[in-house]
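**Student:** Could you put together the complete structure from these sequences and hints?
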Amino acid sequence: MNRKWIRYIGLCLCIWLVPSLAAAHTHLKQSTPSDGETVSQPVQKLTLVFEERIEQGGSVELRDEAGHTLKPSSVKVQGDTLEATLGPALPDGHYTAKWKIIGLDGHPMQGSFHFEVKAGKTSAGQKPSPVPKQQPTPHHDQHAAPVKRSTSSPVIWVVAILVLSTAVIVGWLFWRKPKA
Amino acid sequence: MIAWVQTLAETMAVTCLALLTGGALLSLVADDYKPVVILPHRLFPLVALIAGLGSFVPVLRLVLFLEPDTGCMEAVRLGVFLSRTGQVWLGLLVVSVLLALFLQVRDVRSSKWTAGWALFGTWMLILIKSWMGHVASVSDISGWVLQSVHLTSVCVWAGGLMVVGFFTVDTARWLSFLRWFTPTAIGCVTAVILAGWGLMGTVDPEYVASWVLPYGEALLLKQWMTAGVLVTAGVNGGWIRRKLARGEEVNPLPWMRAEAVQILLVVAITAWMSQEAAPHTVAETVQAVGVSPLFEGLFPGKWYPGLRAEWQGYLLGGLLVLWALILLAMIPLLYRQRRSAYGAVWLAGLAACAGFVGVLVWAYGG
Ligand SMILES: [Cu+2]
Numbered sequence: 001m002n003r004k005w006i007r008y009i010g011l012c013l014c015i016w017l018v019p020s021l022a023a024a025h026t027h028l029k030q031s032t033p034s035d036g037e038t039v040s041q042p043v044q045k046l047t048l049v050f051e052e053r054i055e056q057g058g059s060v061e062l063r064d065e066a067g068h069t070l071k072p073s074s075v076k077v078q079g080d081t082l083e084a085t086l087g088p089a090l091p092d093g094h095y096t097a098k099w100k101i102i103g104l105d106g107h108p109m110q111g112s113f114h115f116e117v118k119a120g121k122t123s124a125g126q127k128p129s130p131v132p133k134q135q136p137t138p139h140h141d142q143h144a145a146p147v148k149r150s151t152s153s154p155v156i157w158v159v160a161i162l163v164l165s166t167a168v169i170v171g172w173l174f175w176r177k178p179k180a
Numbered sequence: 001m002i003a004w005v006q007t008l009a010e011t012m013a014v015t016c017l018a019l020l021t022g023g024a025l026l027s028l029v030a031d032d033y034k035p036v037v038i039l040p041h042r043l044f045p046l047v048a049l050i051a052g053l054g055s056f057v058p059v060l061r062l063v064l065f066l067e068p069d070t071g072c073m074e075a076v077r078l079g080v081f082l083s084r085t086g087q088v089w090l091g092l093l094v095v096s097v098l099l100a101l102f103l104q105v106r107d108v109r110s111s112k113w114t115a116g117w118a119l120f121g122t123w124m125l126i127l128i129k130s131w132m133g134h135v136a137s138v139s140d141i142s143g144w145v146l147q148s149v150h151l152t153s154v155c156v157w158a159g160g161l162m163v164v165g166f167f168t169v170d171t172a173r174w175l176s177f178l179r180w181f182t183p184t185a186i187g188c189v190t191a192v193i194l195a196g197w198g199l200m201g202t203v204d205p206e207y208v209a210s211w212v213l214p215y216g217e218a219l220l221l222k223q224w225m226t227a228g229v230l231v232t233a234g235v236n237g238g239w240i241r242r243k244l245a246r247g248e249e250v251n252p253l254p255w256m257r258a259e260a261v262q263i264l265l266v267v268a269i270t271a272w273m274s275q276e277a278a279p280h281t282v283a284e285t286v287q288a289v290g291v292s293p294l295f296e297g298l299f300p301g302k303w304y305p306g307l308r309a310e311w312q313g314y315l316l317g318g319l320l321v322l323w324a325l326i327l328l329a330m331i332p333l334l335y336r337q338r339r340s341a342y343g344a345v346w347l348a349g350l351a352a353c354a355g356f357v358g359v360l361v362w363a364y365g366g
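Heads up: the sequence lines are chains A and B, in that order. Using UniProt numbering, the letters of the first sequence map in sequence onto residues 1 to 180. Using UniProt numbering, the letters of the second sequence map in sequence onto residues 1 to 366.
Careful: at least some of the hints might be erroneous.
[Stated by the list, open to error] One-sided excerpt, in silico: chain B residues whose CB lies under 10 Å from chain A:
(1) LEU28
(2) ARG61
(3) GLY86
(4) SER111
(5) SER176
(6) PHE299
(7) LYS302
(8) MET330
(9) LEU333
Keep in mind that the hints were calculated from the coordinates and are not lab data. Every value quoted in this text rests on a predicted model; they were computed, and no experiment measured them. Backbone N, C-alpha and C fix where the C-beta goes; we use that ideal spot for every residue, glycine too.
**Tutor:** Quick look at the structure:
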């Protein structure tokens, strides 16, 4: 083993260890109302702040418990902030806000957050429901405790396929007589 | 679906950029320092055009994303003319059309001036394309510089290999060609490494944890695939070269092609990766896009929030990794026994699969 080869192998190891170029997507940093919040003030405006600047054309829509969607009357994007004006204040209830934006990296992103309004204002047809049907669960705590289901893993089949393909390919490559 | 279209288009665009770079570079080199290369006349205008058009898919993706909310015309206005991606793509398209026209009118090989201008135009395309990418958008100018260095190096390396590998008719002056090409290639590889290191700040910090995401998996697969490229490059730049220097009869072309094809596979994996969610926080990204189907398929029901690599499948995983290494070691054997160079592509691909599954099994159990 001469020095040249050692240098070559060192180079290989370096490349191996370097992950390729990457950058983060633009995620939602914070919002008003925030995820899982119960708001006691009237809500007429949603403000979403993202991690980086976002492109024009972002949108957000609200869905109430009954499944009705509510489109904001105007949406303004400035820098990293998307501001949606709703018009009249929201009636009490649980809401899911679904947002769609384009990050400056050109990647479309979407997501949602939940909040509850308890400002004492009810919509015309809706009775005040003192007991919420279900607690709004911020989606960060939504998961059950780690449960390991014992599902059989197909890894052994994958290995079998790999063995088979190795046999075929290596056989095919090395079986025939080499070119003279 | 569009993800596959984008992968294909992006791979084609980078291939075309590499061909342009390689063609222009080779035309600039004096005849004494290159083998006899015959470049098809019509190739270059076409390739210049594809380099610009192929990069349209990310913009199309934006338009399709906006369309349901805003309607068609507005989506085009926002996506193509107002978004950063769209604007940069328009710039890319203009330069690529100009370059295509130029290469249509004047043959690259006709004079050193033409070749020089073609190389300059190609480099402009590379710079603009790097600006379109994702690193440039989130970091400041340094991200763009590093991305440009990365893409330029890949184009010089892969372009040289492709043009020489596929269009050489006579390998008479091969050694004097290798005398400058091997150091150039090594320089390119080094530049790729350094650019990678430079961008480590924005790279996914939870490397191991990110294997539950498509991005992290593609990265792992890419690294295994790169191992195969380097082994093949070792055969090319070391072994074959030494044999030629000793005056033995060898045909280096098939092995150059094999290396070029392997680099293209790596480019394809990268193209696929660049549209996936890069995980700066793995847990958050999993919340947003879910665990990769591949991970779910290999380890059904395994994932839960807070899952960490347990490094418990070392028996099977280790065996698979060992097996991958043996497959890689068979590539020089292939050469030694004067067997098909394309076998290297197969062996490298197989090694990448085995190594990839091996590392995952090693980390997450059988
Ligand atoms: Cu992104």
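**Student:** Give a verdict on every hint.
**Tutor:** Consistency of the hints with the structure:
{"no.": "1", "hint": "LEU28", "in the structure": "violated (27 Å)"}
{"no.": "2", "hint": "ARG61", "in the structure": "holds (7 Å)"}
{"no.": "3", "hint": "GLY86", "in the structure": "holds (8 Å)"}
{"no.": "4", "hint": "SER111", "in the structure": "violated (36 Å)"}
{"no.": "5", "hint": "SER176", "in the structure": "violated (20 Å)"}
{"no.": "6", "hint": "PHE299", "in the structure": "holds (6 Å)"}
{"no.": "7", "hint": "LYS302", "in the structure": "holds (7 Å)"}
{"no.": "8", "hint": "MET330", "in the structure": "holds (7 Å)"}
{"no.": "9", "hint": "LEU333", "in the structure": "holds (8 Å)"}
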